[in-house]
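Engineer: Take these sequences, add in the hints, and give me the full structure.
Okay, here's what each chain looks like letter by letter:
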Amino acid sequence: MSNNKPNPDKPRLNIPWLLKMAWRDTRRSRGRLLLFLSSIVLGIAALVAINSFRDSLQLAIDEKARSLIGADLVMGMNKEPDSLSLAIIDSVSTLGERSDENRMMSMVYFVKSNDTRLVQVRALEGGFPYFGAIETNPVEASLSFREGKRALVDYNLMLQYEAQIGDSIRVGAVTFAIEGALHRIPGQTAMTAAVAPVVYIPRQYLPETGLIQRGSRVSFYYYYDLNESVQPDTLANKLDPRFEEYGMFYDTVETRKASMGRSYDELARFLALVGFVALLLGCVGVASAVHVYMRDKLATIGILRCLGMSGKQAFLVYLFQVMGMGLIGGIAGAALGSVVQLILPELFKTFLPVSVDAYFSVTAATQGVLLGVIVSVLFALLPLLSIRQVSPLITLRATVEHLTNQKDPLRWAVYGLLLGFIVVFSRWQLGTWWQALYFTGGVIAAFLVLALLAKGLSWTVKRFFPAHWGYVWRQGLANLYRPNNQTLLLMVSIGLGTALIGTLFMVQRTLLSEVSLSGTENQPNLVLFDIQNSQREQVADLTKAEGLPILYFDPIVTVRLEQINNLTLADVRKDTTLEIRPRNFTREYRVTYRDHLSDSEKTEAGEWSEGQYKGADRVPVSLEEGYAERIKVKVGDSLVYNVQGATIPARVAHLRRVDWNRVQTNFQVLFPEGVLEEAPQFHVLMTRSDNEQQAAQFQRRMVETFPNVSAIGLDLILRTLEEVVSQISFVIQFMALFSIFTGLLVLVGSVNVSKFQRVQESVLLRTLGSNKKQILGITLMEYLMLGILAAAVGCVIAFGAAWALAVFSFEMEFVPVLWPLLIIFVLVTLLTVVVGLLNSRGVLNRPPLEVLRREA
Amino acid sequence: MSTILEINNLKKTYNSGDRHLTVLEGINFTLQAGDTCSIVGPSGSGKTTLLGLCAGLDRASSGSVILNGVRLDNLSEDARAQVRNQYVGFIFQNFQLIPTLTALENVMVPLELRGERNVQREAMDLLARVGLAERHDHYPTQLSGGEQQRVSLARAFSNRPTILFADEPTGNLDEETGEKVEKLLFDLNREAGTTLVLVTHDLELAEKTQRIIRIKGGHVVSDTGAPERVQQPEGSNF
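Each protein sequence line maps, in turn, to chains B and U. So the first sequence is numbered by full-length UniProt numbering: it starts at 1 and just counts up by one. So the second sequence is numbered by full-length UniProt numbering: it starts at 1 and just counts up by one.
Simulated from the structure, these hints should not be mistaken for laboratory data. Since the model is a prediction, treat every value here as computed from it, not as a measurement. We put the CB at the ideal spot given by N, CA and C, even for glycine. Hints are supplied without guarantee of correctness; some may be wrong.
As the list claims (entries may be wrong) - In silico negatives: residues of chain U with every beta carbon more than 12 angstroms from chain B:
1) Lys11
2) Gly178
3) Glu182
4) Glu204
5) Ala206
6) Lys208
As the list claims (entries may be wrong) - Here are the simulated distance ranges between beta carbons:
7) U:Leu21 with B:Gly420: 40 to 46 angstroms
8) B:Arg30 with U:Thr22: 42 to 48 angstroms
9) U:His219 with B:Arg841: 36 to 42 angstroms
10) U:Asn118 with B:Gly420: 42 to 48 angstroms
11) B:Ala413 with U:Glu175: 53 to 59 angstroms
12) B:Lys455 with U:His219: 44 to 50 angstroms
13) B:Leu768 with U:Ser144: 26 to 32 angstroms
14) B:Arg262 with U:Gly115: 55 to 61 angstroms
15) B:Phe421 with U:Glu175: 57 to 63 angstroms
16) B:Arg30 with U:Asn118: 23 to 29 angstroms
Stated by the list, open to error - In silico EDC-like cross-links for lysine to aspartate or glutamate, where the CA-CA straight-line distance does not exceed 16 angstroms:
17) B:Lys312 with U:Glu77
18) B:Lys20 with U:Glu116
19) B:Lys574 with B:Glu245
20) B:Lys312 with U:Asp78
Structural biologist: Written out as structure tokens, the structure reads:
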């Protein structure tokens with residue numbers, strides 16, 4: 001007798017043979033495996049498409065970088081340059097050529113159609129753009145409009161107001177002939193053009209228009225075409241401290257490239273995450289399908305173990321199958337993603353500052369293929385691990401416990417790997433670990449909620465089973481908790497897809513309804529601004545004469561902050577531990593003065609009362625609480641403001657909470673009466689018109705009488721916002737579609753997975769005398785229940801997620817808009833039933849024996 | 001003559017919660033190379049459990065199984081798999097062919113598992129021996145029960161085992177087919193000089209072996225001991 005091991009030399013793994021076995025073993029399951037892998041194809045396609053597009057966009061930005069800003073260096077400021085700023089502006093001019101531009105929001109009047117519209121007026125002088133072009137129709141108009149009283153008008157605006165080239169347009173007090181239609185300005189997207197359509201006029205006529213008045217909000221831009229010897233970034237870096245001190249901003253090709261790359265990268269990252277959710281959903285499908293697949297393979301594994309195959313060899317055979325499946329899924333996903341990315345430039349057109357030519361990104365495609373293999377293996381690992389423990393005894397007894405040991409410590413390692421993968425992948429897509437952890441937490445929470453609800457549902461149906469119900473109902477309901485049920489899988493996959501799309505719809509509707517609601521009841525819907533002191537009475541009279549109420553009429557004074565508790569800009573720059581941003585000193589504040597609080601303001605600390613200022617040393621001011629927090633002050637602290645040259649020492653006397661969501665003039669800083677009355681100022685008037693016609697007539701009268709006064713209707717804001725939101729939503733929904741289709745594929749897959757069992761049951765029932773209608777009824781009942789519950793849970797999660805986003809992210813009141821959810825609920829339920837029935841039709845239409853033979 | 005299988009004081013107990021069910025106890029016997037032996041007994045007597053323990057498919061609760069000089073109860077599952085691959089052949093009542101492999105591939109598997117190459121010829125010879133050379137590329141579902149069991153026989157002998165375990169080899173076959181398979185089994189066994197352990201209800205089949213061990217309630221109730229040696233033809237090992 002001996003106690004030795006059978007053979008001291010462990011058998012080699014013989015990888016080529018294991019690969020061959022893996023291939024042989026797929027023979028009867030290739031269709032099924034293809035169905036499994038299809039659930040990851042869409043997720044990978046979404047990621048490859050977005051990442052390819054990101055690469056294409058980056059290439060386009062790099063190639064066309066100079067034309068993005070049209071100059072080597074752009075400097076600008078939101079106030080009239082003082083002597084110090086002018087010194088810089090002029091000194092840089094000696095290093096090359098310069099163009100000047102003033103930008104302001106103003107009304108324009110279309111003479112032919114007798115319409116008015118708020119636009120961004122750009123008064124240009126010089127040879128800008130030095131790189132790229134202002135694209136116009138006709139082409140030469142971009143240059144020729146500078147030669148006389150001619151204007152370039154946004155193409156869409158011309159369409160909207162049916163204006164033709166040669167028609168007249170009035171800007172302030174001057175009438176210009178439309179020289180051309182404006183199609184694209186360097187660096188501007190169609191989206192920004194929609195929000196603020198541009199009208200270009202020659203700068204020499206700006207004074208004549210009368211648009212620049214005291215306190216008018218005008219921006220000053222300076223474009224430079226620098227000599228070749230000058231490095232724009234070196235120059236800008238050198239001047240940077242002074243730019244900040246004088247409240248100037250600047251842009252070079254490199255800074256624009258970086259900021260543009262960042263912002264589009266963020267958009268792409270977000271969309272990639274939506275794609276990742278689709279992929280995760282597909283992974284759930286893969287894990288579940290592999291689990292069932294392995295269950296079907298137990299007998300084969302038992303035989304192989306009996307014939308001498310080691311657990312490791314058996315594990316590798318099926319690991320290779322999954323890897324192959326992931327590889328094919330990855331290749332298919334990468335191919336589909338590369339095709340989908342061809343349509344993305346068109347889809348993103350309105351957001352893009354440059355035209356993008358989609359090209360095949362080898363990097364993105366390779367990443368997609370690798371991702372396919374990685375996620376397939378990772379998510380199949382749990383069911384695969386159990387292969388190592390399959391007992392060869394099942395060859396002798398089919399009823400024997402198939403696994404030798406259920407407690408496998410490696411399972412915890414796999415859970416760790418899965419979690420680690422999701423965190424690392426989302427970190428790669430999102431850029432920060434915190435965001436990655438939040439995202440992972442959110443995904444896991446959604447999965448857990450759905451899984452728990454599914455378990456709870458199965459338990460509830462079993463516990464409170466309606467034993468007195470009809471046969472078809474009972475049979476259909478029982479399918480929800482019987483062995484091999486699909487409740488968990490379908491609840492998670494369909495529920496998650498529904499939750500995702502539902503959240504998107506809810507957030508979109510909530511955002512829009514927030515604005516719509518603001519326009520109801522007695523809220524203002526028409527705003528007039530840039531009203532000069534001298535025009536105050538007349539504007540009020542005209543408003544009343546038109547039958548409109550004056551709801552708010554506030555003076556606005558521009559001030560700057562010079563000191564916070566004796567700290568100056570220089571102190572704040574030196575000591576970053578103060579956590580006060582220098583921008584608080586360099587920016588301008590538009591403040592008002594009154595002794596009372598408006599109905600959107602509430603006292604948080606201190607007092608604010610009539611006649612409180614009686615010439616004390618320090619002027620009491622009221623600050624909005626968020627602003628006070630940012631500049632680190634509390635009641636009693638001292639501040640020094642500069643009102644256009646005059647220094648005003650102030651004391652924080654009052655802190656207010658402001659409801660920023662109200663359509664009315666709100667302010668961060670409030671002065672008391674008796675201080676700023678003589679300072680340069682303009683006024684804002686808010687009124688309410690009953691209909692669009694009344695509003696249009698009022699705006700026309702206002703522009704005719706006071707060309708410098710601008711008016712904007714809430715309807716226009718609402719329309720513009722709706723347009724912007726729906727364009728963004730469309731892109732997000734396009735990506736979310738990948739999740740929905742993945743959910744459907746998982747549904748088809750899982751229905752197929754359980755098909756054999758269903759077929760056996762149905763055939764047995766038919767053999768025992770059930771008719772087609774009863775079988776159909778049972779199937780319909782099961783999928784109807786699953787569809788209803790999965791969709792309902794998805795909608796509940798969507799509701800919660802939309803609430804959380806509204807309250808915590810958008811910080812606004814959550815307005816439950818239920819109809820999109822209702823539509824989604826009905827559609828998802830119907831789809832589930834249809835897919836379920838279509839998959840089961842084979843059982844209904846064929847004789848029992850034929851089905852049994854075919855499925856055996 | 002060398003000892004191929006040695007069973008010492010074998011006991012198998014299944015635990016289910018607080019309950020302990022002893023299905024085999026105090027089993028002792030030894031088989032020499034070339035012996036043929038049947039294990040018979042009523043349903044639930046423990047004969048299939050005994051076969052599983054002898055073949056290293058399961059572990060005993062106590063006692064020992066020594067197969068070809070290797071003590072199985074100390075070995076891991078993978079080591080026992082290696083022993084099976086080297087020394088053991090199997091025939092099952094329900095054939096247990098791998099459904100995704102052709103008849104030829106099913107026969108090749110034990111050899112391929114050993115890492116042997118160019119085994120196709122050898123497997124084809126075996127298939128020819130069981131009369132299925134023409135059907136080598138058929139899948140199990142395309143074969144009748146008798147044909148499947150013949151493929152199973154070819155597979156069982158393909159790795160040139162020293163001991164063959166057969167669990168109700170004719171249990172799923174009609175009488176005529178069963179008789180053909182029986183004959184083939186004994187012929188092949190004789191030619192290869194393999195030790196044969198047969199589990200069956202069929203006393204007629206059992207009587208074709210040299211030795212019959214009767215089991216009842218997990219105990220050996222009789223052992224028609226003194227096996228008569230059958231002259232083995234020389235050089236007939238596969």
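Engineer: Taking the hints in turn, state whether each one holds.
Structural biologist: How the hints compare with the structure:
1. With a minimum CB-CB distance of about 17 angstroms to chain B, Lys11 of chain U clears the 12 angstroms threshold, and the non-interface call stands.
2. Every beta carbon of chain B lies more than 12 angstroms from that of Gly178 of chain U, the smallest distance being close to 19 angstroms; the non-interface claim holds.
3. Every Cβ of chain B is farther than 12 angstroms from the Cβ of Glu182 of chain U; the closest lies at roughly 20 angstroms, confirming the non-interface assignment.
4. The non-interface label for Glu204 of chain U is consistent with chain B: the shortest C-beta to C-beta separation is roughly 23 angstroms, beyond 12 angstroms.
5. Every CB of chain B lies more than 12 angstroms from the CB of Ala206 of chain U, the least distance being 18 angstroms, so the non-interface label holds.
6. Distance to chain B confirms Lys208 of chain U as a non-interface residue, since its nearest Cβ pair spans about 22 angstroms, more than 12 angstroms.
7. One distance hint, 40 to 46 angstroms for the beta-carbon pair Leu21 of chain U and Gly420 of chain B, holds here, with the actual separation near 44 angstroms.
8. As the Cβ distance of Arg30 of chain B to Thr22 of chain U is approximately 47 angstroms, the hint placing it in 42 to 48 angstroms holds.
9. Taking 36 to 42 angstroms as the suggested C-beta distance range, the pair His219 of chain U and Arg841 of chain B does not conform, at roughly 56 angstroms.
10. Taking 42 to 48 angstroms as the suggested C-beta distance range, the pair Asn118 of chain U and Gly420 of chain B conforms, at roughly 45 angstroms.
11. Between Ala413 of chain B and Glu175 of chain U, the C-beta spacing of about 54 angstroms keeps the proposed range 53 to 59 angstroms intact.
12. The given range of 44 to 50 angstroms is respected by Lys455 of chain B and His219 of chain U, whose C-beta atoms sit roughly 46 angstroms from each other.
13. The hint said 26 to 32 angstroms for the Cβ distance between Leu768 of chain B and Ser144 of chain U, and at roughly 29 angstroms that hint holds.
14. Judged by the Cβ atoms, the range 55 to 61 angstroms given for Arg262 of chain B and Gly115 of chain U holds: they are separated by roughly 57 angstroms.
15. Roughly 59 angstroms separates the CB atoms of Phe421 of chain B and Glu175 of chain U, a value that falls within the hinted 57 to 63 angstroms.
16. Between Arg30 of chain B and Asn118 of chain U the Cβ separation comes to about 28 angstroms, which falls inside the hinted range of 23 to 29 angstroms.
17. Between Lys312 of chain B and Glu77 of chain U the alpha-carbon distance is near 11 angstroms, which keeps this suggested pair within the 16 angstroms criterion.
18. Annotation: proposed proximity of Lys20 of chain B to Glu116 of chain U holds, straight-line Cα distance about 14 angstroms (limit 16 angstroms).
19. With a C-alpha separation of about 14 angstroms, the suggested pair Lys574 of chain B and Glu245 of chain B falls inside the 16 angstroms cut-off, and the hint holds.
20. A threshold of 16 angstroms between alpha carbons decides the hint, and for Lys312 of chain B with Asp78 of chain U the separation of about 8 angstroms falls inside it, so the pair holds.
Comparing the model with each numbered hint stated earlier shows that hint 9 is the single one that does not hold.
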